[in-house]
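**Student:** Listed here are the chains, written in short residue letters.
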Amino acid sequence: MSLTETKPSTALLFSDAEWDFETLSRSYDAIEEIALHDLGLDVYPNQIEVISSEQMLDAYSAHGMPIMYQHWSFGKIFAREDTMYRKGYSALAYEIVINSNPCISFLMEENTMTMQALVTAHAAFGHNHFFKNNYLFRQWTDAEGILDYLDFAKRYIARCEESYGQEAVEGILDSAHALMDQGVFRYKRPPRLSREAVAERLAKRLEYESERFSDIWRTLPRSDSLEAGGSADEEDEDGGPQGLTLPEENILYFLEKTSPVLKPWQREILRIVRNIAQYFYPQKQTKVMNEGCATFVHHYIMNQLFDQGLITEGALLEFLHSHSSVVFQPTYDDQRYSGINPYALGFAMMSDIRRICEDPTPEDRDWFPDLAGSLDWRSALKHAWANFRDESFILQYLSPKVMRDFRFFALHDETEAPAYRVTAIHDEDGYGELRARLAAQYDLGQIEPNIQVMEADLMGDRTLRLAHMAFKGRPLAEQTKAQVLRHIERLWGYKVTLDVIETGGA
Amino acid sequence: MTPHHFIDRRLNPKGKSLANRQRFLRRARAQIKDAVQKSLKDRRVADAGKEQSISIDGKSTREPRFSHASSGGERDYVVPGNTDFVPGDEIRKPRGGQGGGGKQASQSGEGEDEFRFTLSQDELLDIFFEDLELPNLVKTQLNEIRTFLFRRAGLTTAGSPTNLNLLRTMRNSYGRRLALKRPHSDDIAALKERLFALEAIAAPSAEERAEIEALHKELETLETRRKWIPFIDPIDVRYNAFQPTPVATSQAVMFCLMDVSGSMGEREKDLAKRFFMLLHLFLRRRYEKVDIVFIRHTHEAQEVDEETFFYSRQSGGTIVSTALEEMLRIWTERYATQDWNVYVAQASDGYTQSGDAAHCVDLLSSRIMPLCQYYAYIEILDEREMEVFADEETGAELWRAYRHVHRNWPNFATKRIARPQDIFPVFHELFAKDGAERG
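Chains as they are written, first to last, in the numbering used here: chain A, 1 to 506; chain B, 1001 to 1439.
Since the hints were made in silico from the structure, they are not lab data. Incorrect hints may appear among the rest.
Claimed, not checked - Here are the computed lysine-lysine pairs in the DSS-like style, where the Cα-Cα straight-line distance is at most 27 Å: (1) A:Lys87 to B:Lys1217; (2) B:Lys1192 to B:Lys1181; (3) B:Lys1093 to A:Lys472; (4) A:Lys287 to A:Lys132; (5) B:Lys1227 to B:Lys1192; (6) B:Lys1192 to A:Lys154; (7) B:Lys1217 to B:Lys1227; (8) A:Lys154 to B:Lys1014; (9) A:Lys87 to B:Lys1038; (10) A:Lys382 to A:Lys401; (11) A:Lys132 to A:Lys284; (12) A:Lys382 to A:Lys284; (13) B:Lys1016 to A:Lys87; (14) B:Lys1227 to B:Lys1181; (15) A:Lys263 to A:Lys284; (16) A:Lys284 to A:Lys472; (17) A:Lys287 to A:Lys472; (18) A:Lys263 to A:Lys154; (19) A:Lys287 to A:Lys382; (20) B:Lys1181 to A:Lys87; (21) B:Lys1181 to B:Lys1217.
Generate the whole structure from the sequences, applying the supplied hints.
**Tutor:** In structure tokens:
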């Protein structure tokens, strides 16, 4: 039954700014119709939660997650955001969406009905489709298990605080947080966090802890003794505790498994932090694509709603106003410039793929022989959303037209040189280089310092040797380096050194 | 169609981040305290209770991560907005590192040393009054004044139904049922099911009849057994026990005496009021059980309410001793000395009718000081006078007389204030945790 039949007199979904749950639900159905049957999106079931601005601030401070363990750093973010918001320095995001199954999105109660529709299309369908289909999220995160896991993490850390004191737990968390960027597997796929596995782990941990208080058990021989370094439950991950190979990129993992000084509960906390870091790792690699996908989807859906006569011209204008400020890209010499806006680049590239499919120029036929004129832009986009991350997506799909529209140019900087040199601009000679350089700019391997564990002298003085693979000679910031090294020393318990190894890069 | 639902979370409890916020405040305690002290110095007293935005040094709340330095090495940037550059052009690097190209903003750890946020009124006052307390607040008649607080004291087998401890009761019941092998209702249901199935057979064979017989018997045993072993037996039942524990409370009364005579100019009155306002906030915040009595005086004294004390105007001559007498009257009337800790704070410009100072000293020495826990006298001067009277020993008649009292009574403190900025330090000095012996 379509909406137009039930409401013959007025086909509009809504006509003023006020919203209520009935309108939300009606709009949702209309949006879903377009998203699933026109665009052919494939989404997790949606759970849309209406929250107040204060709750939005709460959500902000805990990585946007609805459940999170307690730590002062979240309070710090909250204090800052709260002040900024109240003074009007910053507006709150319209939405937060969580990569979970069901996919949870937050709508703020202050939004107008147009904005609620926009956010529904953007988050509940755009992001949701991306989470469910992109290969990084499929392979590296577990949407089914994340909320259960966070719930477990929260309880576990609260219990540790009860047993060992808030200060001790906070100290470990501080150190673990400092290594979050170095706490992910980049090449090896992490195991899934299934609810059962977590429960089993927890049970084992509990069992182990109760043993420590009961001397009589200690006298019994045990086949799978849980010694420091490897727990019996690691088989699923790397074929047993001996499976560590050096160099190791995941420092948190390395410390969790091999630190000579950590107690079992401290290892578990490291594990929690690194699992959360791993969960967010794909999001870091797909900012442009994820936002591009969501923005393209909301843009298409809102325009469709208007074309079908379901929303008013006023609503369309309000949507366009908001949309154009989201995809606004200031130029490099603008006061407001703070890097390339992922919404702008993502949306431009997604729209460009559609244009190439539908209305290609001879240039496009040269650059994208497979896409140009294929007409089926829906499949082309879905293919891109599923199989690429920012770096590879730009390398594959950035067209000369988008480079011209953004008037991109490439700069080269060397330490000694007094000036930046322009190496390529948006012209025939420059397109190739620009595209490669821009793609490299989204390569996390280059953005984030590459630190590896090289050697742990377990037989001798137990020095832990780390190396910074300095890509093209880029040094680490000295101040934070010293601080983070102190954190590593706390977790390792012995001396830690950090060497620099120059790598040329391609 | 994909199932979807909207959930209204707006009514969920607020303040999810409160615990984290408190952790953060605790972590940055030292710096926040500095900042609060600094910011409170020149604030108007009426604002002392309001929320306040402060900025602290981010040292103790830094979250370092490995990050690239902002310069060094070879880098390439792609930036938008080319107007007239062609390949090979050079752009001078801006001085001071950042800018020019599309460098990423500095990562956390750098550039985060100044951290600005807002403290609520409660948090602010908590921090401000942290190290302060009423001196000598241990009195005499502690054993007389008692309130009883009910505290948890384990479990009992008898009690009122409201105190039933369900968890323990059910645990006992479960243990007993297990131990006595109470038949499970599932087992009985299974038997019954089988029985019904057999009985439904129109013409049962001998074998089946025998089974029916056996089932009936078994069912009967089980049912009887279930009756012997009740689900909850009185011996299972446990109640939470509460025991009244005596809690010693100390009662205190604070007398606030203020000179509002003509000799006190607007500025002086304002300073005095600020002092009392602070005192008032402090007492109300830290002590549930402190009575505050406001007495203002000119050539005659009267007890007034808070509102009148702080906000109304009056003027006239000055006889300080009237206030002391009024205080004594209220004291004997309402606050029998044995049970109460008595505190007095007095503010004046130091002028009184000649000869009255002697009378004040007399009253203080003979009647007030022997029974009073702590007496703080604040003299309000103008800035010129403050220089003249830099020496503690010189001063107007009342000051000299009070210095005399101070020498005899260690719990008699005298302080001078000339500027608003003096109020906070003096207040801190008077009520510092070990401040009883100072003066």
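**Student:** Indicate, hint by hint, whether the structure satisfies it.
**Tutor:** Against the structure, the hints come out as follows:
At most 27 Å may separate the alpha-carbon atoms for a hinted pair to count; Lys87 of chain A and Lys1217 of chain B exceed this at roughly 80 Å. A threshold of 27 Å between alpha carbons decides the hint, and for Lys1192 of chain B with Lys1181 of chain B the separation of about 19 Å falls inside it, so the pair holds. Taking the CA atoms of Lys1093 of chain B and Lys472 of chain A, the gap is about 19 Å. The hint holds against a cut of 27 Å. Pair hint Lys287 of chain A plus Lys132 of chain A holds up; C-alpha atoms about 15 Å apart against a cutoff of 27 Å.
The hinted pair formed by Lys1227 of chain B and Lys1192 of chain B meets the criterion: a straight-line CA distance of about 17 Å does not exceed 27 Å. Taking the CA atoms of Lys1192 of chain B and Lys154 of chain A, the gap is near 46 Å; set against the 27 Å cutoff, the hint is violated. Between the alpha carbons of Lys1217 of chain B and Lys1227 of chain B the distance comes to roughly 15 Å, so the proposed pair stays at or under 27 Å and holds. Taken as a hint, the Lys154 of chain A and Lys1014 of chain B pair is honoured in the structure, with Cα atoms around 18 Å apart against an allowance of 27 Å.
This hinted pair checks out: Lys87 of chain A and Lys1038 of chain B have alpha carbons roughly 22 Å apart, not beyond 27 Å. With a C-alpha separation of about 21 Å, the suggested pairing of Lys382 of chain A with Lys401 of chain A holds against the 27 Å cut-off. A C-alpha spacing of about 16 Å is found between Lys132 of chain A and Lys284 of chain A, which places the hinted pair at or below 27 Å, so the restraint holds. Under the criterion of a C-alpha separation no larger than 27 Å, the hint pairing Lys382 of chain A with Lys284 of chain A is consistent with the structure, at around 20 Å.
For the given pair, Lys1016 of chain B sits about 21 Å from Lys87 of chain A by alpha-carbon distance, which is consistent with the 27 Å threshold. Under the criterion of a C-alpha separation no larger than 27 Å, the hint pairing Lys1227 of chain B with Lys1181 of chain B is consistent with the structure, at around 12 Å. The straight-line distance between the Cα atoms of Lys263 of chain A and Lys284 of chain A is roughly 31 Å, outside the 27 Å bound, and the hint therefore fails. For the suggested pair Lys284 of chain A and Lys472 of chain A, the alpha carbons sit about 22 Å apart, so the restraint of at most 27 Å is met.
With a C-alpha separation of about 25 Å, the suggested pair Lys287 of chain A and Lys472 of chain A falls inside the 27 Å cut-off, and the hint holds. Simply put, Lys263 of chain A and Lys154 of chain A have alpha-carbon atoms about 19 Å apart, close enough for the 27 Å limit, and the pair holds. With a CA separation close to 16 Å, the supplied pair Lys287 of chain A and Lys382 of chain A stays within the 27 Å bound. Distance hint between Lys1181 of chain B and Lys87 of chain A is unfulfilled; the C-alpha atoms sit about 68 Å from each other, more than 27 Å.
Proposed proximity of Lys1181 of chain B and Lys1217 of chain B is supported: the alpha carbons are some 18 Å apart, at most 27 Å.
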